[in-house]
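Novice: Which chain is which? The protein sequence lines are A and B, in order.
Take the first sequence: its letter number 287 is residue 287 in my numbering, and every next letter is one higher.
Take the second sequence: its letter number 242 is residue 242 in my numbering, and every next letter is one higher.
It cannot be assumed that every hint is accurate.
Simulated pairs of lysine-lysine, DSS-like, Cα-Cα distance not exceeding 27 Å [said to hold, decoys possible]: (1) B:K253 <-> B:K49; (2) B:K253 <-> B:K22; (3) A:K256 <-> B:K100; (4) B:K100 <-> B:K49; (5) B:K100 <-> A:K146; (6) A:K62 <-> A:K48; (7) A:K245 <-> B:K49; (8) A:K256 <-> A:K245; (9) A:K261 <-> A:K10; (10) B:K100 <-> A:K261; (11) B:K100 <-> B:K22; (12) B:K49 <-> B:K22; (13) B:K22 <-> B:K315; (14) A:K188 <-> A:K207; (15) A:K261 <-> A:K245; (16) B:K100 <-> A:K245; (17) A:K75 <-> A:K47; (18) A:K245 <-> B:K26; (19) A:K146 <-> B:K26; (20) B:K22 <-> A:K245; (21) A:K48 <-> A:K75; (22) B:K253 <-> B:K51; (23) A:K245 <-> B:K51; (24) A:K47 <-> A:K62; (25) B:K253 <-> B:K283; (26) B:K315 <-> B:K26; (27) A:K146 <-> A:K256.
No lab work stands behind these hints: they were computed from the structure.
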Amino acid sequence: MNRYQFLWKKIAWALFTILFVVVLNFFLFRILPGDPVRSGTRDPRLKKDAQEALRIRFGLDKPVIPCFETLNPIKPGDCAVNPFETQFFLYLRNLTQGELGYSFHTNRPVADVLGERLWNTILLIGAGQLLSIVIGVLFGMFAAWKARTSIDYGALITGLVAWSLPTFWLGIILLFWGSNNGFPIGGKATPGISSFPFLYQAGDVFKHMILPTITYTIVYMGEYLLVMRSSLLDVLAEDYILTAKAKGLTTFQILKDHALKNAMLPIVTIIAINLGFTVAGAIQIESVYSWPGLGGAVYEALERRDYPVLQGVFLLIAVSVVLANLIADLTYSFLDPRVQAD
Amino acid sequence: MKQVGEKKTMTDEFILEVQDLKKYFKAGRPGWFSRGENFIHAVDDVSLKLKRGEVVALVGESGCGKSTLSLTLMGLEEATEGTILFEGNDITHLNDRERKSLRQRIQMIFQDPYESLNPTQTIEEIVSEPLVVHGLAPSLDERRERVRRALEDAGLKPAESYMQRFPHQLSGGQRQRVVIAGALVLEPHLLLADEPVSMLDVSIRAEIINLLADLRQSRGISVIFITHDLGTVGYFADRVAVMYLGRIVEIGKMIEVLESPQHPYSQALLSVIPVPNPRLRKKRVILQGETPNPIDLPTGCRFHPRCPVAIERCKSIDPQLIELSETHRAACILLAK
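Bound conformation, chain B alone (with noise of 0.2 Å):
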C-alpha cells in the first residue's frame, strides 16, 4: 500500500503521538448570575505514545474520559488543546478533506453492535461502503472480493452466507464481528476500540478479544482498547493506561500494572477483579463514594477524596506522572521518594 507520508512514518518509531490533549465541553450556558462559563473537564492533558503495532489499553470507570479521548484521537471531537500526531504528522485540527483520508487509516470499533449497524443495510453494503466512499476497489468484483476478505478475516465464514443478510439477522457476536469487518476493509494502521466487548455475551467477549489479537498479529495493526473491565486486559494489551477523571493516573507494561499496581486507584481497580482461586484472594478495596463532578474537579489530587491512604498533602498537590522504572509510571505523591 502507498500511502501519502509513507517514507517518513516508516522510521517513526511511534505510530500515535499524544502531547498534553485537552477536551472540554461547554457545561450549558452561563446563567446571568454564573460567573463565567462552566467547563466539562472530560480529558485533561492526556499524554500517550503508542508504538507501531502495539496495544494500549485504557482503563477506567464509566465517565473518565477515556470514550472522549478515542473520539478526540479519531477527530470525532475536536480537541481543545494539546497535540495528536499520528505517523509523524500533525492530525489534532484538519480540514474535512485531510480527515476523510485519515479516516482510512485510522478506524474505530464502537461499543454497542446492537445500534452501530444501519438496519436497513445488508451485511455487505455495511462492509463495503467504506470502500465506496473513499474510492478504494473501483471494480465491483474486486470490491467484493475485499468485503469477502475483511468478513473471512473478522471470523465470519463462509462470507458468502452472511452478505445478504440484515444486522438483526445475526447475533451480538456476528455483529461485533461486522462491525470489525467494516473497520478491517480499509486496512487501517491504528484502530480504536472502544469498550468491544462490553455490550456481548461473556462466553463471546474471549472469540472477539483473541479475533483482535490474532488481526494485531497477522496485520500487525496498532490497537488502543478502550474497556472498563481490566479483566479482559490481561489477554492481549502490551500496556495498560489508567484512567481516572479525564487523566492517566497509572501508565505501565501490562504486567507491570496488572501484578504490582502502585497508584491506590489501580490498586482499588485491581482488587476488585474476580480471582477464580479463594486462596489467591486478597482484600478487597471498596472505593467510598461517587465519582467526583468533572465541572468542579477537587483541589490537589483529583483522586484524594476517595482515595483509602491520602494524606493532607494530597488536597493541594496535583501530582506529575512519577517514572518508577523505564516503562512504568505512576501520579501519586506517596510514591515520590
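Next up, chain A with everything else stripped away, as it sits in the complex (with noise of 0.2 Å):
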C-alpha cells in the first residue's frame, strides 16, 4: 500500500467514525430521563402555556423520530409523520449548515458558549499538556537511561505515585495550600479585571492558571514517564542497539538516532490521544478550581438537559478525538516505514 492509499483509507474511516457520533449523539441525551423545559427553568410557577410555547420556540413540540414521540421516556408516536418535520431531521439539516442551535437554558448560540469555554479549556488544559510532556518524557528518557540505579527507582516511584493521585483530592490539596499562599483559588480571572490594560489581565489569568496547571501536570507527567521510561527500555535492549554499539556510536549517539526515534512510538500513541481529550477539558480540576471551561459546560449542561450544548460539547470532543488520532496515524507512519505494509 502507497502513502497515498493510506492516507485516503485512515480519512475515510476518520470521517465514517464522525458521521456516526453525529448519529449517536442525538439519541444519547434524548434517551436520558428528564424533561429539558422543566430542568432548564426550574421555575415550579412556569404556566403550562409558556412551557409549551417554550417548547415549540426549540423545537421540541416536534416527534424525534417517525414513529416515536420522545425518547424518554419512549412514547410512541404517528408514524405518518412527515420525516422532515422531525427532530432529527433538522437537527442534521441544522448541522449541514453548520448551526449548533441555542442553548435551552441561556437561549445563547452553542457555537459562542463553546467558543468562550473552548479557549479557557485549551489554555489551561494546553498549558498542563506541554508541561506534563516535556517534564514526562524528559525524566522517562533519563530513567532508563539510569535504568537500575536510585535515580530510576526514584523516577519509576514519582511517576506511579503521580499517575495514581486522585485528581480531585490532588486539586483539594493545592487549593488549601494555594489559599494560605495567596494563590487566586477559582476562576479564570479577578471580578472587575476587565477594564485594566491587557498585559496586566494576562498577568492575572496566568496567576489564576498556577494552581490547576500544576494538579494537571502532576497527574499526567506521570503516565508519560512511566510509558517513556518503559519504551525506551525496550528498545535498549534490543539488538540494533547492541549492533550500533560495536560499530562505534557512543552513547549518546545511540540514544539520538536509534533509540529515541524507535521509544517515542507509543509517546506519540499517548499523545495524540490525550490531546484529542484536551477539548474535552479535565472536568475535575475545572469543578475544583470553578474554572469556566469545556469541561464544566458538560457538567452544567448535563444537569440542565441543555442538548444542543450537549451535542455540541460531544461534536467537539468527538472530531478533535477523530483528528488527533488520524494525526496519530500519520506521524507514525512517517516514524515507523512498518505501519504503511500492514
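Please assemble the complex out of the two chains, which come individually in their own frames, going by the hints.
Specialist: The following block contains the structure:
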C-alpha cells in the first residue's frame, strides 16, 4: 500500500467515525430521563402555556423521529408524520449548515458558548499537557538511561504515585495550600479586571492558571514518565542497539539516532489521544478550581438537559479525538516505515 | 589504508592473540546468608591465536560461552582477566576513544538479522552510519560510493535498488547481507561472525557462508566464525575450536577436528551431524543430562558428568590442552600417553 492509499483510507475512516458520532449524539441525550423545559427553567410557577411556548420555540413539540414522540420515556407516536418535520432531520439539516442551535438554558448560540469555553480549556489543559509531556518524557528518558539506579527507582516511584493520585483530591490539597499562600483559587480572572490594561489582565489569568496547571501536570506527567521509561528500556535491549555500539557509536549517538525515534512511537500515540481529550477538558480540575472550561460546560449542560450544548460539546470532542488519532496515525507512518506495510 | 600501528602489524603473523581470557558475570546479589558472591564462568581461561587471513570456527552448545567470548573480544563486555592482543596491541582495557578507533578494524555480524537492523532506517542510512560515525568519507558522493560498493560486495546487486528500502521490505537473507555490508563498509581486518546463519532458512545459509568465504578470499579478512552447527563449519573454516562450558576443549585444523575428533565431547557433537549416505552413518553418541550450571562447575574435568568414557580420575583432574600434533590439541586425560 502506498502512502496516498494509506492516507485516504485513514481519512475515510475518520469521516465515517464522525458521521456515526453525529447520529449517536442525537439519540444519546434524548434517551436520558428528564424534561429539558422543566429542568431548564426550574421554576414551578411557569404556566402550562408558557412551557408549551418554550417547547415550540425550541422545536421540542415535533416528534423525535417518525413513530416516536419522545425517547424519554419512549412514547410511541404517529408513523405517518413527514420525516422532514422531525427533530432528527432538523438537527441534521442545521448541522450541515454549521448551525449548532441555541442553548435551552441561556438562549445563546451554542457555537458562541463553546467557543468561549474552548479557549479557556485549551489555555489551561494545553499548558498542563505541554508541561507534563516535556517533564514526563525527559524524566522518563533520564530514568531509562540510568536504569536500575536510585535515580531510576526514584523516578519510577514518583511516576507511579503521581499517576495514581486522585485528581480532585490533589486539586483540593493544592487549593488549601494555595489559599494560604496568596494564590487565587477559583475562576479564570479576578472580577472587574477587564477594565485594566491587557498585560495586567494576562498576568492575572496566569496567576489563576498556576494551581490547576500544576495539578494537571503532576497527574499526567506520571503517565508519560512511565511509558517513556519502559518504551526506551525495551528499545535499548534491542539487538540493533548492540549493533550500533559495535559500529562505534557513542552512548549519546545511540540514544539520539536509534533509541529515541523508536521509543517515541508509543508516546506519540498517548500524546495524540490525550491531545484529543484536551478539548474535553478535565472535568475534575475545572470543577475544583471553578475554571470556566468545556468540562464545566458539560457538567452544567447535563444537569439542565441542555441538549444543543451537549450535542455541540460531544461533537467537538469527537471531532478533535478523531482528528488527533488521524494525526497520530499519519505521524506513526512517518516515524515507523513498517506501519504502511500492514 | 594507512593506520596507526600498521608497520608493526605487517610483520606480525597473528592478527589476534588471546591469552588466558576470563569473563565472569556476577550471578545476582549476595544474599544475607550466602557465603560470598557467585559468578557465572562464561569464559574461563581461553587462549586462542588467529593468523592474518585465517578463519577459525568456534563450535559449541548454546551457553558454552562462545557469544560471550565474541562480545569480550569486541570490547562490548569487559574482560575479567587475561589479555587480548590485536595486531600486536593490547586491547583488553581501552578507553572510549581508543575503543572507537579499534571498532573500525574489528567488526561483528550478529545472529539475528531481523533484530539487528533499526526498522526506521533505510538500508543506505544503516550501511553509511559507520562511515559517518568514524568520520570516514566525508563527502556525500564518496560515502554513497562506498556504501554501494559494500552492498554489492555483500551480494546485493544492483545496490541502488536496495539503498532506499527499509529492512522490513527485505528477506532474511537479504537483511543478513545488509548486516554484512554494514560491517564491511569500514574495511575491518577482523570479522566476528556470531552465528550469522542460524536464524536463516537452510536454503540461504550456504549462500551467506559462500559470501563470507568469498570476502575472506578477496579482502583477506580474518574471521572468527561462531556456530553451534558443525555442519556449516566444513565449508570454509581453516581451524575449528570446540568450546564446552567456557573452555576450549579441542582445537585443530578443520580436517583434523572434523575427521578425527579426539575429545569425547567433539566426538559426540560430530556423531550427531546427519550424514546423507546411510552406509557411512556411524553410531550416534547422545549425551546424557543437561549442561552443568556454569555458576557451580563440576570438579575435575568439566565434561565428566556427561562424558561417556569418563574414568574415576576425571573427577579430580582438570585436564589441560594436550598437544596431539603440531596443530591439533585436545583437553582430555585419556589422551595423555
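Novice: So which of the earlier hints does this model not fit?
Specialist: Per hint list: zero violations.
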